[in-house]
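**Q** Just so you know, the sequences run in chain order D and P. Letter 116 of the first sequence, counting from 1, is numbered 116 in this note's numbering, and no numbers are missing. For any residue, its number in this note's numbering is found by taking its place in the second sequence, counting from 1, and adding 1000.
Derived from the structure by calculation, the hints contain no laboratory data. Do not rely on the hints blindly, as some may be mistaken.
[As the list claims (entries may be wrong)] Sample of chain P residues lacking proximity to chain D, with all beta carbon distances greater than 10 Å (derived):
| no. | residue |
| --- | --- |
| 1 | L1068 |
| 2 | F1072 |
| 3 | T1148 |
| 4 | A1180 |
| 5 | T1228 |
| 6 | M1234 |
[Stated by the list, open to error] Derived lysine-lysine pairs resembling DSBU-like cross-links, with alpha carbons at most 35 Å apart:
| no. | chain 1 | residue 1 | chain 2 | residue 2 |
| --- | --- | --- | --- | --- |
| 7 | D | K73 | D | K86 |
| 8 | D | K190 | P | K1223 |
| 9 | D | K73 | P | K1223 |
| 10 | D | K221 | D | K73 |
| 11 | P | K1223 | D | K265 |
| 12 | D | K86 | D | K265 |
| 13 | D | K221 | P | K1223 |
| 14 | D | K86 | P | K1223 |
| 15 | D | K73 | D | K265 |
[What the hints assert, rightly or not] Partial chain D-side listing against chain P, Cβ under 10 Å, derived:
| no. | residue |
| --- | --- |
| 16 | D78 |
| 17 | G79 |
| 18 | S114 |
| 19 | T118 |
| 20 | Q122 |
| 21 | Y169 |
| 22 | Q172 |
| 23 | L173 |
| 24 | S174 |
| 25 | S188 |
| 26 | C189 |
| 27 | K190 |
Please read all numbers here as calculations on a predicted model, not as lab measurements. By construction, the Cβ of each residue, glycine as well, lies at the ideal position given by its N, Cα and C atoms.
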Amino acid sequence: MNQETPLLQVRDLRVSFQLDEGVVRAVDGTSFDVMPGQVLGIVGESGCGKSVTMKAILQLVDRPGQIDTGEIKFVRADGEMVDLAKLSARGATIREIRGGEIALIPQEPMASFSPVHTVGDQIIEAILLHSHRWEKDGHKITRRAAREITVGLFRDVGISMPEQRVDAYSWQLSGGLRQRAMIAMALSCKPRLLIADEPTTAIDVTTQAQVLALLRDLQVKYNTAIIFITHDLGVIAQMASYVVVMYLGRVMEQGPVDAIFHAPKHPYTRALLRSIPSMYGQTRVALPVISGTLPHPFNRPPGCAFHPRCADVMPACSVGVPRLLPVGDDQLASCFLHHDEAEPV
Amino acid sequence: MTRYIAQRLLILPFLMVIYSFVIFLIIQAPPGDFLTAYVATLASSGSSISADQIAALRHQYGLDQPFLVQYFLWMQNLLHGDFGLSLEYQRPNADLISEQLGLTLALALFSFVLTWAIAVPAGIYSATHPRSLIDHVLTVINYVGVATPNFMLALILMWMAFAYFDINVTGLYSPEFVDAPWSFARVGDLLFHIWLPGLVLGIAGTARLSRIMRANLLDELNKPYVVTARAKGMREWRLVLRYPVRLAFNPLVSTIGWYLPALFSGSLIVATVMNLPNIGPLLLRALINQDMYLAGGILLIYSFLTIVGTLLSDVLLALIDPRIRVES
Chain D
1 MNQETPLLQV
11 RDLRVSFQLD
21 EGVVRAVDGT
31 SFDVMPGQVL
41 GIVGESGCGK
51 SVTMKAILQL
61 VDRPGQIDTG
71 EIKFVRADGE
81 MVDLAKLSAR
91 GATIREIRGG
101 EIALIPQEPM
111 ASFSPVHTVG
121 DQIIEAILLH
131 SHRWEKDGHK
141 ITRRAAREIT
151 VGLFRDVGIS
161 MPEQRVDAYS
171 WQLSGGLRQR
181 AMIAMALSCK
191 PRLLIADEPT
201 TAIDVTTQAQ
211 VLALLRDLQV
221 KYNTAIIFIT
231 HDLGVIAQMA
241 SYVVVMYLGR
251 VMEQGPVDAI
261 FHAPKHPYTR
271 ALLRSIPSMY
281 GQTRVALPVI
291 SGTLPHPFNR
301 PPGCAFHPRC
311 ADVMPACSVG
321 VPRLLPVGDD
331 QLASCFLHHD
341 EAEPV
Chain P
1001 MTRYIAQRLL
1011 ILPFLMVIYS
1021 FVIFLIIQAP
1031 PGDFLTAYVA
1041 TLASSGSSIS
1051 ADQIAALRHQ
1061 YGLDQPFLVQ
1071 YFLWMQNLLH
1081 GDFGLSLEYQ
1091 RPNADLISEQ
1101 LGLTLALALF
1111 SFVLTWAIAV
1121 PAGIYSATHP
1131 RSLIDHVLTV
1141 INYVGVATPN
1151 FMLALILMWM
1161 AFAYFDINVT
1171 GLYSPEFVDA
1181 PWSFARVGDL
1191 LFHIWLPGLV
1201 LGIAGTARLS
1211 RIMRANLLDE
1221 LNKPYVVTAR
1231 AKGMREWRLV
1241 LRYPVRLAFN
1251 PLVSTIGWYL
1261 PALFSGSLIV
1271 ATVMNLPNIG
1281 PLLLRALINQ
1291 DMYLAGGILL
1301 IYSFLTIVGT
1311 LLSDVLLALI
1321 DPRIRVES
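One chain only, chain P, in its complex shape (with noise of 0.2 Å):
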């Protein structure tokens, strides 16, 4: 087990390595660079640039250089845990992602337990209790809270708690703790505002996984292994905790790999329209204005969060299925 964990570690820099060449290559694909978006910015507002200045500033980021050669040079760089600097903002990116990191990750560890906390008790009452009125209530929900998108539903319940509660649910603060230095009022603030965007986050995702949940429940129900833990003499509510929804777990527990990066970049939609502060709109506008060097460390990030995540989820697999752990 430790050997097959410290192998995964190993191919773990050989993968980032792979990993930043291609979104490198792929940040590079767009038409023009940072400086003709930034030309036409100034352009549509009316103020001009030489065309001295550009060629100085082109020179000055490196953009005048081959594509390998500004890959190593941001290589190298990174290799020193030099993120860069922010063409658009001027400062230094790891500064940038680092401010919005913390929250980002916040709140989607809080919507993945929120996720799980609601879709795993509900997948499990389905199964045992197939095509009671509960059952049929919680299916139309997952299928309503699966089929609409989550911006749709960020709109339908802001636009809800506005007009009946007269509530400003977006951001993460109520306006006077936006700028307040941390305290235990501004945390508090936080946790009063994070259920909204969390549950927007986590419903598709809720959904998804109980149903999953229930299929696999059902399915295990029916295994003959329940039927000689219940001629043991088992209760029944014990017994369904300890044998079927064990192994019915596994499949939910390699999802987990997907699952977290997945909650980032879904998060990118909502958290625009729910003005969060967190990475979404930050990897959104530095896509548009091409801001390679900041793109690029969070997609970076990203793809470390995927390969982290996918380590994390068969480890755990590992740890709770004994077929997996015991080698032959």
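Chain D extracted, bound-state conformation (with noise of 0.2 Å):
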């Protein structure tokens, strides 16, 4: 890895939801960096925990969920180092710090708005919200400055007839110009990182197109550090540096783009390229499966946890978990193809 500091470090973090059926661990010991700037995805099947670590991230995680151990070390603006696992949800800090220097953009753009306010309103709120970043000479901003900075940032998303759009609501709006307005939001406070949970699944595909472009620019112009979530390897493809590769909670390789898509060491992950339809492919052939399906989350299997639908199994694989280790040049993988640490039980 390289020397640099990294703005967020995610270590063996494990939330866990009680349920009146049983306990779900729906993280179970992730671990992972990003580093300023960077570009990280995450991919993985629905249900693999995604979702979930970035809401632990923000201290979002919704009873019965909490977060049981780990560090989600996160570097201030003003340099300091903060645990936002040991944060309490409803504290100063953490709201200082959510919006402010991590940012979320939702899934849904279209519910993630409130109906009964205009998008506009909703947005100026957030510049208020942190509003001694805009503070001068002791000034507060006023409501009509945030409304500029909201007019401003709109078009800067590309948003056409921006003093028009301000005081439109979400349900007038295109899916397309939602999501450019959530995005909008996001960089409203200009965060130093910013989440983007499957940004472009409930939009149309030239849309999708669209948005990952301005995505793109966006991380350009501001330099802003992305967390991109998604079950889609062509959107990782496009849009990441760095890749890490989820399943059931825990993280089954991790690695530079290039690394995981040209040379990938855990099964997992190139059954998950092999998935992938190509354009050089036999029509009227299927595509090729994971056998098996994803085990029940109360009944998680034993030793790693994909080694019942795992091509390479081995019998050590149902007894220990294998610790995440590098395999090659800033790639990790947790298997025993390649090391046999496992995790201390």
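From the two separate chains plus the hints, produce the assembled complex.
**A** Here it is in structure tokens:
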């Protein structure tokens, strides 16, 4: 790894949900770093704990979920390092960080705006919540000024007629415009880290391409670090420079985007890549699938969570949980094919 | 918006005409008329009246006219603002009604405000602290509140107040103030007495309203826009009040329309049990004695309140919800 201090370090994060039927360990020992200005892609199937990990970073895990152990170290704008996992979910510190230093672009832009407030109103509110960032000579920012900033943001994210659109309700905007407005809100306080939770899943492919291009441009312009969550490997290839592959709440493999796509070390990554339809493949032939199904969350297999579906399964796989260790240049994998160190029990 | 309100107001007179006809049809429906009831009362008290006198009275009150003629006479007088004469009290109906209307409205309004002031915060607390001890306690109170008929509750409370605290809680005034002219002392006495009837009238509504509020808010709290607001760094209670509560409120506002008239008609039994000087017992008596113009007048006012209440709740709903207000 390079010598820079990571902006965010997640170490052995565990989040569980105490349900009546049992305990679901949604995130079960996840670790990764985010460098300043880096675009980190997190891929995995539905239910692998990607979104819960992101919620944990912002202390937004809803009851009955809770962060059990682990560290989420974040370097704040003033250089101070805080462990987000230890902060109170309702405290002043996390509220300053939310929106101000780490912003979220949610999955469903339609439902993520309140339908009875104008989009501008909701963005102006975000700006006023972090008003000290605009404070000049002890003067608080006025609502009028916050509105001007919002109009400017709308222009930046490519919303035409921004003065009128500020006063629109979310249901008066198209899907693409809504997601642009959401991006404008996330960027309003110039966060150092942007968490984009499947931001293009709910919009059509053409708009999706535009939104991705916009995010890439803005990332270059503001040098914001982005955690990009998706189950679409194509999107990862376009956006990310570093990739984390998750399965059942654990990191299976992580590495630079080229290494992940061209030299995957973990059988799960390989299986995922095989299941992408190829432009040169034969038509009318079934795509390779990963055999078996995702285990029920109450019934986690012992040992490596992936072993029942793994093509290269060995006897050791059902006994110990493989650690996430370096397997190449900046590339890590948790698989006994590459080392034989298990997690301490 | 203004156009919409104007349209609704224009329809109002037509609706009132339809209502008045239906009302007249219904109060005419029971066999006999005021005079047969009157004769029966006289007979039971031992006195009698000659058939000629009855025929004269029947002609005088127009009771011998065909149904439609009676209806048009009634309407004609109503248009001139004349509610007619009460057959029983021999006084203008307008006076009888207006004497009671003020207190009835005051009581209804009081119990309405009490209902909302208790139900909304209780519902919000329950929804934001689901399955907590207080939520469970509120749930039990709510079930009991919905399940207990309010006249029953009135009887229990009156008995308890009398048996254990030696207070007479019937009526809206202490005995010395019943016929006293209006004064600050009388208003104070009214404010002291209005609590119990207000509570009794409002308790079922309070319970129902706070259950609705709880359920609506629980739904809204799981919506993605709440996560968005949290991710902005809002304070939790401010966020809850500004976003999900605002949305959970809409279905409640739409109930105002039928809630106001329901308070009037609901107060009939309670008012009779608690001996409240309001319009409920007056209507009951008018119906029993077939004092048809008095009953008709009261029912017309109920209808008017229903229409106005519905209009009011529709306008309020449009004001707080842009999805209704903004025309496509």
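**Q** Each of the hints needs a verdict: does it hold here or not?
**A** Now the hints, each set against the structure:
no. : hint                : verdict
1   : L1068               : 50 Å, holds
2   : F1072               : 49 Å, holds
3   : T1148               : 32 Å, holds
4   : A1180               : 50 Å, holds
5   : T1228               : 5 Å, violated
6   : M1234               : 6 Å, violated
7   : K73(D) to K86(D)    : 10 Å, holds
8   : K190(D) to K1223(P) : 26 Å, holds
9   : K73(D) to K1223(P)  : 29 Å, holds
10  : K221(D) to K73(D)   : 25 Å, holds
11  : K1223(P) to K265(D) : 39 Å, violated
12  : K86(D) to K265(D)   : 34 Å, holds
13  : K221(D) to K1223(P) : 32 Å, holds
14  : K86(D) to K1223(P)  : 26 Å, holds
15  : K73(D) to K265(D)   : 28 Å, holds
16  : D78                 : 17 Å, violated
17  : G79                 : 20 Å, violated
18  : S114                : 5 Å, holds
19  : T118                : 8 Å, holds
20  : Q122                : 8 Å, holds
21  : Y169                : 6 Å, holds
22  : Q172                : 8 Å, holds
23  : L173                : 13 Å, violated
24  : S174                : 15 Å, violated
25  : S188                : 9 Å, holds
26  : C189                : 9 Å, holds
27  : K190                : 14 Å, violated
Checked against the numbered hints above, the structure breaks hints 5, 6, 11, 16, 17, 23, 24 and 27 and satisfies the rest.
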